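**Q** In order, the protein sequences belong to chains A and B.
Everything in the first sequence is counted per my numbering, starting at 1 for the first residue and increasing by one.
Everything in the second sequence is counted per my numbering, starting at 1001 for the first residue and increasing by one.
None of these hints come from the bench; they were simulated from the model.
Predicted, not measured: the structure shown is a model, and the values here were computed from it.
For glycine and all other residues, C-beta sits at the position ideal for the given N, C-alpha and C.
Hints should not be assumed to be uniformly reliable.
To be verified - Straight-line distance between alpha carbons at most 35 Å, and here's what the computed DSBU-like set of lysine-lysine pairs gives: (1) B/K1425 to A/K146; (2) A/K170 to A/K26; (3) A/K163 to B/K1404; (4) A/K26 to B/K1404; (5) B/K1188 to A/K290; (6) B/K1184 to A/K154; (7) A/K221 to B/K1184; (8) A/K142 to B/K1425; (9) A/K277 to B/K1188; (10) A/K142 to B/K1407; (11) B/K1404 to A/K334; (12) B/K1357 to A/K146; (13) B/K1357 to A/K86; (14) A/K272 to B/K1078; (15) B/K1404 to A/K86; (16) A/K9 to A/K183; (17) A/K301 to B/K1425; (18) B/K1425 to B/K1407; (19) B/K1184 to A/K277; (20) B/K1404 to A/K146.
Stated by the list, open to error - Only some residues are given here: those of chain A computed to face chain B with a beta carbon under 7 Å: (21) S109; (22) P126; (23) N143; (24) R223; (25) G225; (26) S226; (27) Y297; (28) P344.
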Amino acid sequence: MRPDEVFFKIEKQFKDYGSRARQLHKEGRKIIGYVCSFVPLEMIAASGAIPFRVRGSIQEPITLGDTLLETIVCPYYRSCFDLSIKGRYEFLSGLVIPHACDSMVRSYSVWSYSLPYSYFHFVNVPTVCEESSFEFFEEELKNFKKSLERFTGKSIQDEDLSKAIQLYNKNRDKIRALYELRKNDPPLISGTELTMALTAGSGLPIDESNEWFDQVIAAVKGRGGSPLSKGPRILIDGACIDHIELVKLVEELGGNVVADTICNGARDSFPKTEESKDPIQALSRRYLDKLNCPKTYRANKAGTFEGDIANRFGDIGTYAREFRVEGAILYVYKYCDPFGFEVPARKAYYQSIQVPMLHLEDTYSAGNLGQLRTRIQAFLEMISR
Amino acid sequence: MTEQQKEAKPKKRMTATRAAASIGPMVKSFITETLQARAEGKQKLAYTFIVCHHEEILRAMDVIPIWTENFAGVCGAKRDAERFLQRAESLGLSRSLCTYALCGIGFDQWREELGEMPPDSPWGGMARPDFMISSGQILCDPRSKWYQASQQFMPDVPIYNIDLPYPLFQRDQDHREVWGYYHKYIVKQLRGLVAFVEEQTKKKMDYDRLRELVDLSDRTWNLIDETYRLRKAVPCPMGTGDAMNTMVPICFMMATQKAYDFFVELKKELEEKIAKGEGEVENEKYRLMWGGGLPAWYALNDFNYFNSKGASFPVETTYRMVLPLYEMDIPETKDPIEHLAWRWLGYWTFWYDKARKRPDSEPDVERLINWIEEYKIDGIVMHEAFSCRTWHVGLIWQLHQLGKIYKPIPLYVIGKDGKREIVMKELPSLILESDIIDITSYSEVDTRNKIDAFIETLESYRVNRAY
Chain A
1 MRPDEVFFKI EKQFKDYGSR ARQLHKEGRK IIGYVCSFVP LEMIAASGAI
51 PFRVRGSIQE PITLGDTLLE TIVCPYYRSC FDLSIKGRYE FLSGLVIPHA
101 CDSMVRSYSV WSYSLPYSYF HFVNVPTVCE ESSFEFFEEE LKNFKKSLER
151 FTGKSIQDED LSKAIQLYNK NRDKIRALYE LRKNDPPLIS GTELTMALTA
201 GSGLPIDESN EWFDQVIAAV KGRGGSPLSK GPRILIDGAC IDHIELVKLV
251 EELGGNVVAD TICNGARDSF PKTEESKDPI QALSRRYLDK LNCPKTYRAN
301 KAGTFEGDIA NRFGDIGTYA REFRVEGAIL YVYKYCDPFG FEVPARKAYY
351 QSIQVPMLHL EDTYSAGNLG QLRTRIQAFL EMISR
Chain B
1001 MTEQQKEAKP KKRMTATRAA ASIGPMVKSF ITETLQARAE GKQKLAYTFI
1051 VCHHEEILRA MDVIPIWTEN FAGVCGAKRD AERFLQRAES LGLSRSLCTY
1101 ALCGIGFDQW REELGEMPPD SPWGGMARPD FMISSGQILC DPRSKWYQAS
1151 QQFMPDVPIY NIDLPYPLFQ RDQDHREVWG YYHKYIVKQL RGLVAFVEEQ
1201 TKKKMDYDRL RELVDLSDRT WNLIDETYRL RKAVPCPMGT GDAMNTMVPI
1251 CFMMATQKAY DFFVELKKEL EEKIAKGEGE VENEKYRLMW GGGLPAWYAL
1301 NDFNYFNSKG ASFPVETTYR MVLPLYEMDI PETKDPIEHL AWRWLGYWTF
1351 WYDKARKRPD SEPDVERLIN WIEEYKIDGI VMHEAFSCRT WHVGLIWQLH
1401 QLGKIYKPIP LYVIGKDGKR EIVMKELPSL ILESDIIDIT SYSEVDTRNK
1451 IDAFIETLES YRVNRAY
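Build the full structure now, drawing on both the sequences and the hints.
**A** Structure representation (structure tokens):
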């Protein structure tokens, strides 16, 4: 496929998110939706079902969702619920929700009683990261396995899981390869393109997603240049940002988005699962330890505040060096307790690594873009001086 | 920084019981005790949270708990939280986060900056802890984030974060299939807490004492349950307004003889009132359930307002943190830690079996249904506090589901042809909106207008009920 065709397809796949899953559903495949990075996708894939990341939409006003779910819930999550209840994901056979944040836990019944899917499962991810919690999580993963087996009627063997682990690791390698293309100055792939490509990939079966990323990598390399002009190199820090508007704004205003810590970006895609271990143990380690989400409490082993933030947010520093970041935008949703309580500590960390940071609190609504534009513009001007 | 003036002191809420009236001085005294202990330096002080089933461990090791949610609630009730909330905001914390936590973090930052209590701190302020015990539950994110945020201002104070999960209700799975590994994990977490406290206090756990305290708590649990069940009486002798006071021994004083004695007295008082036919309200017209949400601590007078309209609250889901142990599936064990873990699981899964039996029911909805019937409830009131997702998400849906599966109420109405006909209606409900301690979110006029409209609905149901 020619590079221009691939870039056209990226945009199309992003806009028609779910079209492939819908088609596979019609062909008789079971599509299982999930929210959040804590759902072990390898397990779903090993069961023969296809995991599909449920998205929200900042353009679509939340209406029906508000009749069942309080407005004090994370606005991103409310939007996912609103679209689901409006039938946007009618092709799903089931949905898996993990213990990530209160918004997810406390609304589990709302989702599982209000949506017409025949399968629901809650994965209880521990809050702490220590030996006993890995043991617990392994048992919880075995329970998830049993539950999927009951639903799909397929017994999941260790070989199935190992194969799925390998496929997902390959996927992460490919995404990492895409990120490598951001190291150029200006980056060879824009943040907007990358977000669209990753989002499109998360709506495909894993083997197709791997092929998809091969095409994208080849297209970016074959384009022979950057779609952006040189500008301040920006890292986006935050939770799940499944829309392109924020990144697009930064790039329209002259910035280059070159790195992130977000759930549908580096947080989810960089950590790999160990292939040499027992698959359940390996998944337990990956999802509990390697996913660096503020939801997981990590004990302060350093005994100092500086040491603690260096441990907790060290990945930010690593990415900042690796991708030569000149400024960061900490984008936090209103009502997000896990991220919200970390804002002062994250601010302190950015100061310690001398990366200027702009903190934005947002309500996941296109109506706020004007305000965001003004703040981002001022920030980019400040760091460009 | 702008430090707002204190709001005008609220009028004292009238209580129905002597026991509830005695709570204010009790809270003041245990806050004062923590300050004294800090000054004397003989006992270790720990920041911690309610509903962790760990009081027995702390008390057995002579650790004095500082209930940080309680202090924030006191600031709220005294209408003196705003200056601490503003301080937290100035650090970069959003007002949309748990305002208990914001108040606590703002207070901690101020106290640490000054090296002494902030000026005119409510009831002398919150003492600096020796360590903090936070809690990652399947319940409340701020519980594992709050102390971590406070530690920025007191990095020398260590944290032990105890993980206390419970199996979430899943319609297609009996929780007993999984609770073995939940129990094993919780036991390990509690043993980890014991080891941490031993290290901090340089003392070994006295397991005989722990066993005695667990037994005391268990007896108190059952006593509280028996006491609260007395509120089924018509007229109801004690309402939710009072229960927002009597939650103090339940949440902050378990594993103490004082808590047990308190409920012995309260039970006696309620029995006397029932014998005399004395109700919370002189002429009880409506029996309401506080069906969800923490109260607006600065506006507890609203309960008196309900009372003034003839409405009483015989039951509430909030702070009913005990359930009868003899109705739980708790395996026999001599190990007090194992028992604590079973009690934890027993409490959280209490309604699961019943919910599974009723088509389309769910534990929270099932509890509403059971208590509507047991306490002869005419309507449900809930409070949605904007800053707390823990207790305030799912309330709208619970009412929606209740309306869907619970028997409707037959009411006479005048039909189109002018003839009287019967229509079936759902149990009336009201959702109030504000916050736990952020008074800026509260409007007394709006709240009372909503209450007035709700009372009119209740009256219309009362008058037009067909059968």
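**Q** All hints, please: hold or fail.
**A** Outcome of the hint check:
| no. | hint | result |
| --- | --- | --- |
| 1 | B/K1425 to A/K146 | 42 Å, violated |
| 2 | A/K170 to A/K26 | 28 Å, holds |
| 3 | A/K163 to B/K1404 | 45 Å, violated |
| 4 | A/K26 to B/K1404 | 32 Å, holds |
| 5 | B/K1188 to A/K290 | 22 Å, holds |
| 6 | B/K1184 to A/K154 | 29 Å, holds |
| 7 | A/K221 to B/K1184 | 52 Å, violated |
| 8 | A/K142 to B/K1425 | 45 Å, violated |
| 9 | A/K277 to B/K1188 | 24 Å, holds |
| 10 | A/K142 to B/K1407 | 40 Å, violated |
| 11 | B/K1404 to A/K334 | 32 Å, holds |
| 12 | B/K1357 to A/K146 | 23 Å, holds |
| 13 | B/K1357 to A/K86 | 30 Å, holds |
| 14 | A/K272 to B/K1078 | 52 Å, violated |
| 15 | B/K1404 to A/K86 | 20 Å, holds |
| 16 | A/K9 to A/K183 | 24 Å, holds |
| 17 | A/K301 to B/K1425 | 58 Å, violated |
| 18 | B/K1425 to B/K1407 | 9 Å, holds |
| 19 | B/K1184 to A/K277 | 24 Å, holds |
| 20 | B/K1404 to A/K146 | 32 Å, holds |
| 21 | S109 | 5 Å, holds |
| 22 | P126 | 5 Å, holds |
| 23 | N143 | 6 Å, holds |
| 24 | R223 | 40 Å, violated |
| 25 | G225 | 39 Å, violated |
| 26 | S226 | 34 Å, violated |
| 27 | Y297 | 4 Å, holds |
| 28 | P344 | 5 Å, holds |
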